[in-house]
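The listed protein sequences correspond, in order, to chains A and B. Going letter by letter, the first sequence gives residues 1 to 200 in our numbering. Going letter by letter, the second sequence gives residues 1 to 105 in our numbering.
Honestly, the hints are just simulated from the structure, not real lab data. Backbone N, C-alpha and C fix where the C-beta goes; we use that ideal spot for every residue, glycine too. There's no promise every hint is true.
These stretches of chain A come out as covered by chain B in the derived footprint (C-beta under 8 Å, 3 or more residues) [said to hold, decoys possible]:
| # | stretch |
| --- | --- |
| 1 | 36-48 |
| 2 | 76-84 |
| 3 | 109-119 |
For each label pair, taking beta carbons as the anchor points, the in silico distance ranges come out as [unchecked claim]:
| # | chain 1 | residue 1 | chain 2 | residue 2 | range |
| --- | --- | --- | --- | --- | --- |
| 4 | B | Ala23 | A | Phe67 | 33 to 41 Å |
| 5 | A | Val168 | B | Lys53 | 55 to 63 Å |
| 6 | B | Asp78 | A | Ala151 | 54 to 62 Å |
Not the full set, but computed from the structure, chain B residues with beta-carbon under 7 Å of chain A [stated by the list, open to error]:
| # | residue |
| --- | --- |
| 7 | Ala23 |
| 8 | His24 |
| 9 | Tyr29 |
| 10 | Gly36 |
| 11 | Gly40 |
| 12 | Tyr43 |
| 13 | Pro64 |
| 14 | Gly66 |
| 15 | Pro68 |
| 16 | His71 |
One-letter residues, chain by chain:
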Amino acid sequence: MAGRRTFGRGARRPDGRGTVSHPIRRPDGRGARLLESALRLLPGPRRELGEALLAEASVVAPGWRRFAWIAGGFLFVARESAMRVVGYGLGLAVAVALVATLDRIGTSDDSGQVVLLVLLVCAAALGFIAPRWAWLAGLVVGSAVAVTAMATAAWGPAPTGKTSIHTVGDAATLFVLIVPALISAYLGAGAAWLRRRSRD
Amino acid sequence: MPARPDSSPQTRAVLRALHDHPAHWRYGYDISRETGLASGTLYPILGRLSDRKLVETRWEEDPPEGRPRRHLYRLTADGVARAVAVAQEPVAARVTRRRTATEGA
């Protein structure tokens, strides 16, 4: 068995407690490798079924039958993860809209702190919901203020209030917010990991 | 009246296949060959049946050399009862109507 590639976590024990020690051997082939990557989109309870489907692929006769089997695997992933992906995308869009809107409408001296707080909370929540995508939450939510400010500096009306953002270059400095957003998203992901661990 | 989640012909076929040998653990490709269902149809059904505790699952413990570990499926006691009930239920009205129309032609 040495040198053979494996995938996934160890298989579940028959009594449902933990996993058996040896991992599941992965079938070869480009389609199988792509499917293996796609399985990451599946919610936890469905991932095991996805791994089962992939494991069976290597015993399906090569050619059309195996192609159809793996194509069915992609269909399975699409069906089972569609709502999850759409829901996460909507959550991301709402977070960006919220942060950008608060940044635009805020005129008080404290508005910057409020925007930062909301940005951190949104990034942490998204990181908690989808730990594997914490990097995306950090990048997108962290960029929201900078992108909005750049668009406003380039095409929007001249600022009426007191502001230090006058040019696109000034606005670009706000990309620094990606750093706290990433940290916050990964803290959320860490909290999700700790929660899962305590449940197991 | 909304259709029962296990009333589709595909789900009936899976229940029937598993019920034919209720004590045996079956694997996905085996069920697929028997029912003629594609993997993209079969596995969501197995997932739903498992969610409803009608099917129990486990991974094969000692697969032969050269063959990957299989995920195995078997009806639970509730699953057996449900398979028997589903087998006795009439086929969906839509299918019955279609059959009647075909026979009448």
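Which earlier hints can't be squared with this structure?
Numbers 3, 7, 8, 10, 13 and 14 - these are the hints that the structure violates, sorted from lowest upward.
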